[in-house]
Amino acid sequence: MLLVVDHVSCIYGADTNMPVAALKDINLVIKEGEFIGLIGHTGSGKSTLVQHMNGLIKATDGAIYFHGQDIYDGDFDKKNLRSKVGLVFQYPEHQLFEVDVFSDVCFGPKNLGLPKKEVELRAYKALKQVGILDEYFYQSPFDLSGGQKRRVAIAGVLAMEPEVLILDEPTAGLDPKGRDEILSMIKNLQKEMGITVILVSHSMEDVAEYVDRIVVMNKGEILFNAEPKEVFKHYKQLEEIGLAAPAVTYIMEKCKEAGIPVSTEPTTIYEAKQEILKVLVQRK
Amino acid sequence: MLRDITLGQYYQTESVLHRMDPRVKLAGTLIYMISLFLYKNLTAYILAFLFLLSVIKISKVPFKYMVKGLKTVMVLLFITSIFNIFYTKGEPLFTIWKFVITKEGVANAVYIMIRLSFLIIGSSLMTLTTTPNQLTDGLEKLLGPLKKIKVPVHEVSMMMSIALRFIPILMEETDKIMKAQMARGANFESKKLMEKIKAMVPLLVPLFISAFRRANDLAMAMEARCYQGGEGRTRMKPLVYKKIDYVAYGVLIIYVASVIICGRLIPIHLL
Ligand SMILES: Nc1ncnc2c1ncn2[C@@H]1O[C@H](COP(=O)(O)OP(=O)(O)OP(=O)(O)O)[C@@H](O)[C@H]1O
Ligand SMILES: [Mg+2]
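Protein chains in written order, with the numbering used here: chain R, 1 to 284; chain Z, 1 to 271.
Only chain R is shown next, with the shape it has when bound in the complex (with noise of 0.2 Å):
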């Protein structure tokens, strides 16, 4: 068990009239090895519970572990644990600084008081996991487009060689090949370097194809935690916090009310074509 959240509780402004609970006694398990989708309405407290699970907010209550170690004891590393749990946050690109790309992303691996060779050797192969040419490396980061400058800034992270990569809404404002792009390099970096990954999104449609597990989150709490077919089953729970399932569950659904005898388990597009083939050959 790589990560553990254990009964955690956050209040914002405790001390002043409007204190907002923005989480409520979360339990949560992360594997190694695992994708997980995290998921929920606007103001959910998606962004807040994984920015406790790398240190950089203390809960007001409760307790995590990494690797079995409790991230509040006094002798707990944190900058260890900032680059072990490597996260990416929201609008990622509105972090850089540095005069070129290449630059930026040595930031991180830097900051650990990596030799030089190896901190230029990290930069280097993180950007190119995330498929930034060469020919970009001595441009200032600001010149890019915004899904070029969302890649640098997740290298920014990766080069600092993460057991848990976590990124805070990865494909906000890209239009839908861009945000595919984003998505199936993640699911690469999952596969191929055997990283942990919790991905933090609001649409259903951005994490079935690519995740084994999906965390909903509604008003600071757990709703599921279950795989996606599972958690699709409940679609109209889900309609009524604000989310929705895939639109292919929506047409499974339907062509089983109109009698087709389908499965509705199908999340994905490839699945459901295979799902009403075999129904039609059936058929015939």
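For the record, the hints were derived by calculation from the structure and aren't laboratory data. All the given hints hold, so there is nothing to weed out.
Covered by chain R, according to a simulated footprint, are these stretches of chain Z (three or more residues, beta-carbon under 8 Å): (1) 59–66; (2) 179–191; (3) 205–213.
Every beta carbon over 10 Å from chain Z, so not counted as near; a handful from chain R, in silico: (4) His-7; (5) Tyr-65; (6) Gly-68; (7) Gln-69; (8) Lys-125; (9) Arg-179; (10) Gly-259; (11) Thr-268; (12) Val-281; (13) Gln-282.
Each residue gets a CB set at the ideal place from its N, CA and C atoms; glycine is no exception.
Could you slot chain Z with the ligands onto chain R? The hints should help.
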């Protein structure tokens, strides 16, 4: 973290002070500031202290919340007054190493400390209980007569209120960028000066860029809503004095009068 700085922020709650006309609060703050500088004796400060205390009580803003945001400013204040101890000439009290500590120096330092901290608390009380919109309206109305001598009153007050509104936004932004850079291993808590300065670059560059972006967005949004300055602009909710505002003016006059009378007739001096 940085979000804790409450300077210039509005604190939402229901109180008499919140309901008061912004003009009263603006005038009141100004008068209060002047009253702090009228006399240099304890009598005046005791009165000022009592006045401030009751206003804080009325405002319903938790004292803890207010002071929390002023910590950093208080440190600056403290340093300023320490300098005063060393640099005021007068009757020597005792000497430390080469420095002669004078009676006047100590008194001066204490007075400055009191004055400035009251001043800061007093003015932050105004921003805590007045929304930036009200503040602009009040300022514009108060400075209205200056329009006759071609002072762009509307523009000036608009700029002021935008600046005020931007303080919490920039604080939030700073907090976010700081966290993002900390996630990349940046260390903002280093004790060494050089490292501290170096650590500022990854914070300041994105912050400036974001500030410009926001300013640009705001300008566009204002233009898109046909904002074109104060010329011919009318208000949906014109400011009108109510009974409570007249009462407040009355209280202000009584306060100033008592400061003047007591400060002159029964001065108590420190040391
Ligand atoms: N720094 C903060 N101070 C006070 N309240 C906050 C702060 N950050 C978040 N909140 C509040 O906590 C709640 C959860 O916010 P959070 O940012 O975690 O939501 P989210 O699920 O990430 O939403 P989104 O999809 O919009 O990013 C919200 O009600 C928000 O207003
Ligand atoms: Mg968020």
